[in-house]
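Engineer: Numbering (mature numbering (1 follows the signal peptide of the UniProt record, and there is no 0)) for the sequence shown: -28 to -1, 1 to 68.
Treat the hints with care, as some may be off.
FRET-style restraints, in silico, Cβ to Cβ [stated by the list, open to error]: (1) R17 - A38: 17 to 27 Å; (2) I47 - T(-15): 42 to 52 Å; (3) A(-25) - T21: 50 to 60 Å; (4) A48 - I(-16): 20 to 30 Å; (5) M(-20) - R50: 25 to 35 Å; (6) R17 - E(-22): 24 to 34 Å.
Just so you know, the hints here were simulated from the structure itself, not pulled from any lab data. Here the structure is a predicted model, which is why all the values come from computation and not from measurement. Idealized CB from N, CA, C, for every residue including glycine.
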Amino acid sequence: MSHAVYEDMLMKITSLLFAAALAAQANAASSLPLTPELPYDGPLRPVGTVSASGAPTLDDLVAALADKAHRRGAIAWRVNAASSGNRLYGSAIIYQ
């Protein structure tokens, strides 16, 4: 087989793996609940914000925001901003 055939096969395999990863991500996102389960059924009121920076991944940023929200006594929180440069940073509104 020629070098061009190997390159063509590699490109097809790469495209297939990318499509499979994209489909898996879309499927995972569709299984998330639209509204979070809250341990409290009364009205929520915003009581402040928390912020975090330096997270290497979005999951790490969300975990840092959740940790800070819980340490401040929040029963719910919502990410309202996230950005990245080399590292992610963001903020969340906390509710009680």
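Engineer: Which constraints among the numbered hints does this structure fail? Numbers only, ascending.
Structural biologist: 4, 5 and 6
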